[in-house]
Amino acid sequence: MKKNIYYSILFLFFIFIFSVFYLGLDKPNSYTPNESSNKNLPTFASKELFLNDEFISNNIIKNNQFTLVNIWASWCAPCRLEHSLLMDLKAKTNINIIGLNYKDKKNNAIKFLNEFGNPFEKILTDPDGTISIELGAYGVPETFLVNSKSKIIRKYIGPLKIDNISEIIRITK
Amino acid sequence: MIKLIKLILLILILILSFQKLLYANNNSLLVNKISKNLRCLICQGQSVYDSQSDFALSIKILIKNKIEEGKSEKQIYDYLKNQYGEWIVYDPEFNKKNLVLWIFPLILFTFGGLLIYRKVFIN
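In order, the protein sequence lines correspond to chains A and B. For the first sequence, position 94 (counting from the first letter as 1) is numbered 500 according to the numbering used here, and the numbering increases by one without interruption. For the second sequence, position 90 (counting from the first letter as 1) is numbered 189 according to the numbering used here, and the numbering increases by one without interruption.
Same shape as in the complex, but just chain B:
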């Protein structure tokens, strides 16, 4: 009987510890994912994930704290953007300033398509 209780306890402890481990792993995966999308502002050309600078290390701790507070991924990006400007994220947002950059290839593409169409099918 005692053996059985011991066994059950052991299994319980194992399950609990693994759960803790899994949970921690999940969080660190999210930290990695977010920090890969952030530019290290004082060591350019590197992401926050890659960099070992004091700035990047602190940002990683901050992301971890925010996740533990229950903040979503988007909230964390928005927070950092508010703090350091849009430059910190690698993925540029669609706005008035870069409108031309987004639209221009589309214009060229349609224009070029039209030219080819005229050359091939009309002549």
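The shape of chain A in the complex, shown without the other chains:
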């Protein structure tokens, strides 16, 4: 009798371990960044691309308006893909789009804007990538939707897609 209990406990234990590992098989084992964010836009100082003057991040937020902060670079291929979407967004809505030029050369950035158009109200520069880290970004391209109270309400990692654009339009309307 005692032996039976012992074996059944062992059996249940084995089943338990097996099911834990079996269910674990389905889980992705690579890191997926957290896309929801409830942080405030950090304060940072940065130089404007064209004017070269110092700019404090708090001043980019406009009252009663959403701000879209887009990290881009002229050397980044996916940025080219999403650029037409940003141009579209600029034409359709009155959202305040701010560019953050990531580890880029000024000449190349300006050439890129001349070629593809400039959807940005203001372009700040991030020559060593530290501002992007302070924003909590992984790389280029990455986009943050910020409300008028400086809260980051959406974070899009990688190039923007048409779905993202319609979501932005829906939120900001």
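Misleading hints may appear alongside valid ones.
Computed cross-link-like contacts, PhoX-like style, restricted to lysine-lysine with a CA-CA straight-line distance of at most 25 Å [claimed, not checked]:
| no. | chain 1 | residue 1 | chain 2 | residue 2 |
| --- | --- | --- | --- | --- |
| 1 | A | Lys453 | A | Lys517 |
| 2 | B | Lys165 | A | Lys445 |
| 3 | A | Lys567 | A | Lys498 |
| 4 | A | Lys468 | A | Lys557 |
| 5 | A | Lys445 | B | Lys170 |
| 6 | B | Lys119 | A | Lys445 |
| 7 | B | Lys195 | A | Lys433 |
| 8 | A | Lys509 | A | Lys567 |
Rather than coming from a laboratory, the hints here were simulated on the basis of the structure. Treat the numbers as computed from the prediction; the structure is a model and nothing was measured.
Given chain A, put chain B in place with the hints provided.
Then chain B, alone, in the frame of chain A:
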């Protein structure tokens, strides 16, 4: 006399420059130490120290800036954890989610010890 002053000046300059060098070295050692404990989030399997990706390079610059601002090691880890989540550090913290992971080996160890004790000493 002038020679002596020149000599003293030379020695002074040497001491000062070495001090600067030592100080810089100390900082970069700390940057290395911290970045070895950080996971590069976009190039997995590598630490921030090993990686040459843009992300890792920027993090290293950020760590250096924070040290120069006078932030402690723990403050820098906490800052990055707040920014990117706990996954960025290699050393997992003890919390509710991984409680079982920490406790389970201990339980097995004591249980196994008890079994052996009973087998060897009581029978």
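Against the structure, the hints come out as follows:
1. Among the hinted pairs, Lys453 of chain A with Lys517 of chain A is consistent with the structure: their alpha-carbon atoms are about 18 Å apart, no more than 25 Å.
2. Of the pairs offered as hints, the one joining Lys165 of chain B and Lys445 of chain A holds, with about 20 Å between alpha carbons and a cut-off of 25 Å not exceeded.
3. With a C-alpha separation of about 16 Å, the suggested pairing of Lys567 of chain A with Lys498 of chain A holds against the 25 Å cut-off.
4. A hinted pair counts as satisfied when its Cα atoms are at most 25 Å apart, and Lys468 of chain A with Lys557 of chain A qualifies at roughly 12 Å.
5. With a C-alpha separation of about 21 Å, the suggested pairing of Lys445 of chain A with Lys170 of chain B holds against the 25 Å cut-off.
6. Our distance criterion of 25 Å between C-alpha atoms is broken by Lys119 of chain B and Lys445 of chain A, whose separation comes to about 39 Å.
7. Using a Cα cut-off of 25 Å, the hinted pair Lys195 of chain B and Lys433 of chain A holds, with the two alpha carbons roughly 20 Å apart.
8. Of the pairs offered as hints, the one joining Lys509 of chain A and Lys567 of chain A holds, with about 23 Å between alpha carbons and a cut-off of 25 Å not exceeded.
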